[in-house]
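What follows is the residue order along each chain.
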Amino acid sequence: MGKVIIIGAGPAGLSAAITIAEKGLDVLVIDEYMVGGGRLLGQLYEEPNGNWWNGIKESKSLVERAKNAGVEIQLHTPVSNIERIDDEWVIYTESEVHYTSHLLLATGAAETPLPIPGWTLPGVMSVGAAQVMTNVQRVKPGNRGVIVGVNVLSSAIAMELKIANIDVACITLPKMNIPTEKSADPMEVMNSLLHVSHMAPSAFVKLGSKLMTNDFMKRMGITFFPKNGVKMWDIPIMLRKAVVEIYGDGKVEGVKIATISPSGEVVAGTEENISADFVCIAGGLYPLAELAAVAGCPFYHIEELGGYVPLHNEQMQTPVEGLYVAGNITGIEGAKVAISQGVTAGLAIANDVLGGGLESNIQQAIADIETTRDNAYIQFHPEVKEGKRKLQQYWEEHQNKSVAITL
Amino acid sequence: MTNRILNHPVLDPIDESEVVTFTFDNKEYKGLRHESIAAALLANGVRTLRHHEESGTPRGIYCNIGHCFECRVSVNGEQGVRACLTPVQEGMNIESGGKLLTTVRDWRASQNG
Ligand SMILES: Cc1cc2nc3c(=O)[nH]c(=O)nc-3n(C[C@H](O)[C@H](O)[C@H](O)COP(=O)(O)OP(=O)(O)OC[C@H]3O[C@@H](n4cnc5c(N)ncnc54)[C@H](O)[C@@H]3O)c2cc1C
Ligand code: FES
Numbered sequence: 000m001g002k003v004i005i006i007g008a009g010p011a012g013l014s015a016a017i018t019i020a021e022k023g024l025d026v027l028v029i030d031e032y033m034v035g036g037g038r039l040l041g042q043l044y045e046e047p048n049g050n051w052w053n054g055i056k057e058s059k060s061l062v063e064r065a066k067n068a069g070v071e072i073q074l075h076t077p078v079s080n081i082e083r084i085d086d087e088w089v090i091y092t093e094s095e096v097h098y099t100s101h102l103l104l105a106t107g108a109a110e111t112p113l114p115i116p117g118w119t120l121p122g123v124m125s126v127g128a129a130q131v132m133t134n135v136q137r138v139k140p141g142n143r144g145v146i147v148g149v150n151v152l153s154s155a156i157a158m159e160l161k162i163a164n165i166d167v168a169c170i171t172l173p174k175m176n177i178p179t180e181k182s183a184d185p186m187e188v189m190n191s192l193l194h195v196s197h198m199a200p201s202a203f204v205k206l207g208s209k210l211m212t213n214d215f216m217k218r219m220g221i222t223f224f225p226k227n228g229v230k231m232w233d234i235p236i237m238l239r240k241a242v243v244e245i246y247g248d249g250k251v252e253g254v255k256i257a258t259i260s261p262s263g264e265v266v267a268g269t270e271e272n273i274s275a276d277f278v279c280i281a282g283g284l285y286p287l288a289e290l291a292a293v294a295g296c297p298f299y300h301i302e303e304l305g306g307y308v309p310l311h312n313e314q315m316q317t318p319v320e321g322l323y324v325a326g327n328i329t330g331i332e333g334a335k336v337a338i339s340q341g342v343t344a345g346l347a348i349a350n351d352v353l354g355g356g357l358e359s360n361i362q363q364a365i366a367d368i369e370t371t372r373d374n375a376y377i378q379f380h381p382e383v384k385e386g387k388r389k390l391q392q393y394w395e396e397h398q399n400k401s402v403a404i405t406l
Numbered sequence: 000m001t002n003r004i005l006n007h008p009v010l011d012p013i014d015e016s017e018v019v020t021f022t023f024d025n026k027e028y029k030g031l032r033h034e035s036i037a038a039a040l041l042a043n044g045v046r047t048l049r050h051h052e053e054s055g056t057p058r059g060i061y062c063n064i065g066h067c068f069e070c071r072v073s074v075n076g077e078q079g080v081r082a083c084l085t086p087v088q089e090g091m092n093i094e095s096g097g098k099l100l101t102t103v104r105d106w107r108a109s110q111n112g
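One line per chain: the protein sequences are W and Y, in this order. Residue 0 is where the first sequence starts when you use numbering that gives the first Met the number 0, and the numbers rise one by one after that. Residue 0 is where the second sequence starts when you use numbering that gives the first Met the number 0, and the numbers rise one by one after that.
The reader is advised that the hints may include incorrect statements.
Calculated lysine-lysine pairs in the DSBU-like style (CA-CA distance at most 35 angstroms, straight line) [as the list claims (entries may be wrong)]:
#1 Y:Lys29 x W:Lys250
#2 W:Lys22 x W:Lys335
#3 Y:Lys29 x W:Lys384
#4 Y:Lys26 x W:Lys22
#5 W:Lys66 x Y:Lys26
#6 W:Lys66 x W:Lys400
#7 W:Lys66 x Y:Lys29
#8 W:Lys59 x Y:Lys29
Here are the simulated distance ranges between beta carbons [said to hold, decoys possible]:
#9 W:Leu74 x Y:Gly55: 44 to 50 angstroms
#10 Y:Asp24 x W:Glu385: 50 to 56 angstroms
#11 W:Tyr98 x Y:Thr20: 39 to 45 angstroms
In short, the hints are calculated from the structure, not lab data. Quantities reported herein were computed from a predicted structural model and do not represent experimental measurements. Ideal Cβ positions, reconstructed from N, Cα and C, are used throughout, including at glycine.
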């Protein structure tokens, strides 16, 4: 019997690996990054009970547990392609080819770019890039930054930059154009911002979000939103202004912003410059599922999960034989949910390899995902549960169709 | 090395003991073992990692986690290495990806036209 192979050493992949190895099976985890932990590495926030969620420490402890359980972790190794030949999965890396009967894709998420004039200048980076520079590599992305795009991730990272003593001049919107439409609409943004308000120590934002629970109040909030923004963690959040252009000679020197109307249009003559030596673009996250597509897995676009997700059931199994998925590849959520999905996928794989016996553990693990989701501190989409329900429905339709074909 | 966050209020201090020397476009720099090429260069104030193959405009990191390939450099002669994923090492010889010779472009243009 060969090894189980897992692509991605993030919280989902590592917790699956631990689960499988603890059942006595051989596991190889492949990851292209230089350290294990995936996007968990950069995470840093204070939980309501006053404890810090320190991604570096959490990652170290997952890697340690995996190693102690006998998991082999191969870093610096990008997987370029996967393919099913006969009864096996073939995994291609730059230097080697691996074979397995059971393959878990735990490749996580990627950030959606927002093309703004000037965005290729050195000093412009995704907001996640600034997080990794600051918390993982421990180099300042710059001295003074502007964050373009207001969402859960950019709010969390703005706070992390502050903690590291990096100046954030403001968080603002991109100018409305076709690719950035959603992230540029103040109403949309206000909606999503209501879900980060619990992270804000500022009584104003907390109070404000309570008042804005119905549509009418939200509209009022936008119309009366002060032009210079409210402050969250002492950083002005400007929902009535938008970045029109990032400027600089060979590197970022600042951004040009302008006032925008409640529907997102630029008010002529309101342009002004804000100086900065770095700009973070926050377009939101989507599941990184290319390898599942290459493997021939069916996909569904589910807004609540962040985009196209590979079809899978509650046990994290896809309709493609021997192919499993876990973590943000199945929808955008926090690391704790990814961990519980990894455990579930690990149990499902071990159960299949060992020929049964773990059914009740799997049921328990599925229930744990739900509890973790209910208690999640960071929620990327308020309707994530609805998204999961839709996916389950697609799964059932797909199963019925396959039964019909076999009959 | 002024741009490093040595003492973070929550995270542990970083290990500064293992310094490595490397070159980027023939200039010598110092970095820390276990940091990426992109981080080591940024700590030295270098943001531009390459110039766009056709337009020649400067480019630096964008995603910092291996997705966008904006940070391609050549390391000890090997081209297309992602600076954000690759740890800097003692004696590394790093070169920025440059603008291609214009003849390459002219050739393509004449093929198409
Ligand atoms: C930039 C960014 C910042 C984030 N910040 C936060 C945050 O602050 N708070 C929060 O709650 N959530 C954050 N998230 C969401 C995050 O995805 C989850 O919290 C969690 O880390 C998901 O775990 P995972 O195991 O599914 O994927 P990840 O943690 O993303 O791990 C996936 C791993 O797979 C590897 N990989 C992917 N493709 C390949 C390949 N082809 N070959 C080899 N290796 C590959 C990657 O290198 C990575 O290490 C962030 C996501 C991103 C993309
Ligand atoms: S910065 Fe995107 S791949 Fe390196």
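- Non-conforming hints, listed in increasing numerical order: 3, 4, 5, 6 and 9
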